[in-house]
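Novice: Chain order of the listed sequences is A and B. Note that this note's numbering has the first sequence beginning at 36, numbered continuously upward. Note that this note's numbering has the second sequence beginning at 705, numbered continuously upward.
Calculated directly from the structure, the hints in this document are not laboratory data. It should be emphasised that the depicted structure is a prediction, and the values quoted were computed from it without experimental measurement. Glycine included, C-beta positions come from ideal geometry on N, C-alpha and C. One or more hints might be untrue.
Stated by the list, open to error - One side only, chain A facing chain B, incomplete, derived with CB under 10 angstroms:
| no. | residue |
| --- | --- |
| 1 | E70 |
| 2 | K71 |
| 3 | I76 |
| 4 | Q83 |
| 5 | Q93 |
| 6 | I96 |
| 7 | G100 |
| 8 | L120 |
| 9 | E124 |
| 10 | E137 |
| 11 | K143 |
| 12 | Q144 |
| 13 | L145 |
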Amino acid sequence: MFTKFEHFVATSLMGSPEEAPPRRNGHLQFDRDWEKLAFGIAIALSKQGHYEWEDFRQTLIETIGEWEATHDIQDPEWDYYQCWLAALEKVAIASGVIEDDELETQIKQLLDCKAPSIP
Amino acid sequence: MSSAHEHPKADIALRVKAIESLLVEKGIVEPAALDTIIDAYEHRIGPHSGARIVAKAWTDPAFKQRLLADGTGAIAELGLTGFSSEHMVVVENTPAVHNLIVCTLCSCYPWAILGLPPTWYKSFAYRSRAVIDPRSVLQEFGLEISEQVEVRVWDSNADLRYLVLPERPAGTEGMTEEQLSVLVTRNAMIGTAKVDSPKSERVASEAAP
């Protein structure tokens, strides 16, 4: 029922049209567990004052803009929460709450640990 | 062997997990606090929060008075606070006045209590016409407002968010706050609908699709 147009244009979480999250009946809609986690972390860090929410918003808008500039508007690969995560990584690193290399190290460690279970 | 490039979906879940575990290890984020935030946004933020406010105002005259005098303060009494809902103004529908909310510039919306805005709220047609010709816009929503009734249009902005307090429908005299809140729709709180009188069947038992 949800089109990309709606995601982009029809609605928005914080008041501007560029960052519309998927939703249903006025509720946010999460399709995968990691989306919830990325969503929650972004808000938690802002709530604790590690960065301004507005900084996250602007980064999200820029990230979506970059994606749109390099993809067709109908590209089925569009994934709102991938943009969200990319924005989260950017602001988390820019604010110093996470170091770039420690994140990569952590990812590698998790990958090694999880590799056998990934088909 | 799997590689990151072959499994982008698994990879992205891992990246989030990596961020979370780093933040938890550093003591910056507590898993329980994350759960609370996620639960709030996923389940608690939606039009039913606004409906609670309306139902309370219908059944508690003192609350209604506070709500109309200081929307933000009264709404906070119910534990409803959140981004962008700091300055809430509640406007009351009466037999003589019908209120309608719009944001002509963008999409300012009291999302913390109404959830995410409907598609049409963002549409250029609604934003441009609601102020100029509210009666015909309301007609398109199936709402005929008599010429005797004044229509007031409230243009939201980044600092001020409006909520319509609809009229309590007839036939609801004996109903509890909880029963009433089920009747209150999102559109009624934007002003593009009225709250209907309860149907003879139980409304609350309708399952969501």
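Novice: Now, for every hint given, state plainly whether the structure supports it.
Specialist: Outcome of the hint check:
1. Proximity of E70/A to chain B holds as hinted, the smallest CB-CB distance being about 8 angstroms (cut-off 10 angstroms).
2. Hint status for K71/A relative to chain B: holds, with the closest Cβ pair at about 5 angstroms, below 10 angstroms.
3. A cut of 10 angstroms between beta carbons decides the hint on I76/A: the least distance to chain B is about 6 angstroms, and the hint holds.
4. A hinted interface residue such as Q83/A counts as satisfied when its beta carbon comes closer than 10 angstroms to some beta carbon of chain B; here the least separation is about 7 angstroms, so the hint holds.
5. With 10 angstroms as the threshold, the beta carbon of Q93/A stays out of range of chain B, its nearest partner Cβ sitting at about 14 angstroms, so the hint is violated.
6. For the restraint placing I96/A at the interface with chain B, the shortest Cβ-Cβ distance is roughly 13 angstroms, beyond the 10 angstroms limit, so the hint is violated.
7. Look at G100/A: its Cβ only gets to about 16 angstroms from chain B, farther than 10 angstroms, so that hint breaks.
8. Checking L120/A against chain B by beta carbon gives a least distance of about 6 angstroms; that is within 10 angstroms, so the hint holds.
9. Nearest Cβ of chain B to the Cβ of E124/A: about 7 angstroms, under the 10 angstroms cut. The hint holds.
10. The beta carbon of E137/A is positioned within 10 angstroms of a beta carbon in chain B (closest approach about 6 angstroms), and the interface hint is therefore held.
11. Checking K143/A against chain B by beta carbon gives a least distance of about 9 angstroms; that is within 10 angstroms, so the hint holds.
12. Contact between Q144/A and chain B, as hinted, is supported at the beta carbon level, the nearest pair being about 8 angstroms apart and thus within 10 angstroms.
13. For L145/A, the shortest C-beta to C-beta distance to chain B is roughly 5 angstroms, which falls under 10 angstroms, so the interface hint holds.
Comparing the model with each numbered hint stated earlier shows that hints 5, 6, 7 do not hold.
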